[in-house]
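Go ahead and model the full structure; you've got the sequences and the hints to work with.
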Amino acid sequence: MTTRIHEILKKYSSELLTEWLAAIVTSGVRRDALMKEAELREQCSEFLRLLIQATESGNLTDITTSGYAGVREMLDRLSRSRSLQGFSPSETAIFIFSLKQPLFDRLRRELAEQPQSVVDEMWSATSLLDKLGLYTTEVHQRTREEVIVRQQQEMMELSTPVVQLWDRIVCLPLIGTLDSGRTQTVMETLLQRIVETGAEIAIIDITGVPTVDTLTAQHLIKTVTATRLMGAECVISGIRPQIAQTIVHLGVDLAGVVTKSSVAGAFNWALKRLSQSVTSSGARNAVGKV
Amino acid sequence: MERIPILRMGKVLLVTIQVDMHDQLAVTLQDDLTSKIVETGARGVLIDISSLEVVDSFIGRILGNIANMSRVLDAQTVVVGMQPAVAITLVELGMSLPGIRTALNVEKGMALLQASMEADEAELEVPDASLED
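Residue numbers (the numbering used here), protein chains in the order written: chain V, 1 to 290; chain Z, 1 to 133.
Do not rely on the hints blindly, as some may be mistaken.
[To be verified] Chain Z regions said to be covered by chain V (calculated; three or more residues, Cβ under 8 Å): (1) 89-100; (2) 104-118.
[Said to hold, decoys possible] Distance condition first, Cα-Cα at most 20 Å in a straight line; then the derived SDA-like pairs of lysine to any residue: (3) V:Lys272 x Z:Ala115; (4) Z:Lys108 x V:Thr65; (5) Z:Lys108 x V:Gln276; (6) V:Lys131 x V:Lys222; (7) V:Lys272 x Z:Lys108; (8) V:Lys272 x Z:Ala111; (9) V:Lys222 x Z:Val38; (10) Z:Lys108 x V:Trp166; (11) Z:Lys108 x V:Arg193; (12) V:Lys222 x Z:Ser35; (13) V:Lys222 x Z:Met95; (14) Z:Lys11 x Z:Ser35; (15) Z:Lys11 x Z:Arg101.
[What the hints assert, rightly or not] Now the in silico label distances, taken between C-beta atoms and shown as ranges: (16) Z:Ser50 x V:Ser261: 31 to 39 Å; (17) V:Met155 x Z:Gln30: 20 to 28 Å; (18) Z:Glu2 x V:Met155: 42 to 50 Å; (19) Z:Ser51 x V:Leu250: 22 to 30 Å; (20) Z:Gly41 x V:Asp213: 35 to 43 Å; (21) V:Gln85 x Z:Gln18: 54 to 62 Å; (22) V:Glu154 x Z:Glu118: 26 to 34 Å; (23) Z:Gly94 x V:Val278: 33 to 41 Å; (24) Z:Ala122 x V:Gln151: 52 to 60 Å; (25) Z:Glu118 x V:Arg273: 36 to 44 Å; (26) Z:Ser50 x V:Asp213: 32 to 40 Å.
Source of the hints: derived by calculation from the structure; they are not laboratory data.
No experiment lies behind these values; they were computed from the predicted model shown.
Quick reminder that beta carbons are idealized off the backbone N, C-alpha and C, glycines included.
Right under this line is the structure:
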């Protein structure tokens, strides 16, 4: 069974395409900076072609059926690429919704003699296009969420760079807020790098950490202890005045932990500990002060 | 009965744990090691636990006991090669093993023992030297 909508789509596909493109332009959604006109035309004609195929069976209500697989796959692709290009969800949905006007015009003209069926056909057409439009929004949102999850993971990995400062000395500059998930990663990465590099001294620099609560302080102490158990030594540097006050007020015991005010101080301590020194090439006898 | 071998290298006793430690094995090692220290007059004990994947609180405590016992018997203990996961577990269990000296690997552990044994001997020699003067 074929519907009038299918017939109209089939019969006037080229006219609909032209009018649709015009409607997209007037709705102000076409963004020349992000997308070429030829590309848009290509997408519109592909969508029309697939929609004609899908509506052939007469199904205008359920877009989850296999008949709509092609349309869904195409919208998936379109929505994903638009999401990555920086289109907003409504801009993507309007791409579908703007087909309504040209389609309704055609319906009205074709069914001028049967006003009652015009309303029926319009209703089924509008609900179909609404569903498809919402589908693009959903995919759009899902794509965004995937991006956010990926970025979170990447930030987690990026946030613990263990750098080798010197032979047998590694440094871990921490930046940002430390939550328990991150401190766990920090501990694991640091210990793993100590095994890999054979470092004897690890400097944890918390200059970039704005606040320290009891839990974070406890984690830091645990990290220091674990480092010691593995046979390396740990020094914490860059504790800000406010953090020092917080630590003392909270009653956290940092007695067994070596602390220095700056990375430079910690590095100097580490060099001394390893009985190494830096000399400037100009004055051979002068020990480089860091 | 299963035992962990104890090797003698000069003044150092070398223990390499290569099987999963169960409680009885740990107690046997503690007994064997203490008697061996007295028997050989060893000055240092090096315990390599790099193949240990799991350490529970009991094994942790035995390690601490071994270190304390050998100190009483005038030998220093160094535990080497602790895996990151093991270190994290012990810390989470609240066992920081304060009496134990540690090193990253056997080589560094040996150097540490050697250095502290030399320091001990130097300490003993100092009064003699001052007498000669």
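Evaluation of the provided hints:
1. 89-100: holds (count 6)
2. 104-118: holds (count 4)
3. V:Lys272 x Z:Ala115: 17 Å, holds
4. Z:Lys108 x V:Thr65: 68 Å, violated
5. Z:Lys108 x V:Gln276: 17 Å, holds
6. V:Lys131 x V:Lys222: Distance of about 54 Å is beyond 20 Å: violated.
7. V:Lys272 x Z:Lys108: 18 Å, holds
8. V:Lys272 x Z:Ala111: 18 Å, holds
9. V:Lys222 x Z:Val38: 36 Å, violated
10. Z:Lys108 x V:Trp166: 18 Å, holds
11. Z:Lys108 x V:Arg193: Holds. Lys108 of chain Z to Arg193 of chain V sits at ~17 Å (cutoff 20 Å).
12. V:Lys222 x Z:Ser35: At roughly 35 Å apart (the allowed maximum being 20 Å), Ser35 of chain Z and Lys222 of chain V break the hint.
13. V:Lys222 x Z:Met95: 10 Å, holds
14. Z:Lys11 x Z:Ser35: 15 Å, holds
15. Z:Lys11 x Z:Arg101: Distance ~18 Å between Lys11 of chain Z and Arg101 of chain Z Cα, so the pair holds.
16. Z:Ser50 x V:Ser261: 31 to 39 Å: 36 Å, holds
17. V:Met155 x Z:Gln30: 20 to 28 Å: 47 Å, violated
18. Z:Glu2 x V:Met155: 42 to 50 Å: 48 Å, holds
19. Z:Ser51 x V:Leu250: 22 to 30 Å: 40 Å, violated
20. Z:Gly41 x V:Asp213: 35 to 43 Å: 52 Å, violated
21. V:Gln85 x Z:Gln18: 54 to 62 Å: With a Cβ separation near 58 Å, Gln85 of chain V and Gln18 of chain Z satisfy 54 to 62 Å, so the hint holds.
22. V:Glu154 x Z:Glu118: 26 to 34 Å: 50 Å, violated
23. Z:Gly94 x V:Val278: 33 to 41 Å: Taking Cβ atoms as reference, Gly94 of chain Z and Val278 of chain V lie about 40 Å apart, which means the hint holds.
24. Z:Ala122 x V:Gln151: 52 to 60 Å: 58 Å, holds
25. Z:Glu118 x V:Arg273: 36 to 44 Å: Between Glu118 of chain Z and Arg273 of chain V, where Cβ atoms are some 18 Å apart, the hint is violated.
26. Z:Ser50 x V:Asp213: 32 to 40 Å: 35 Å, holds
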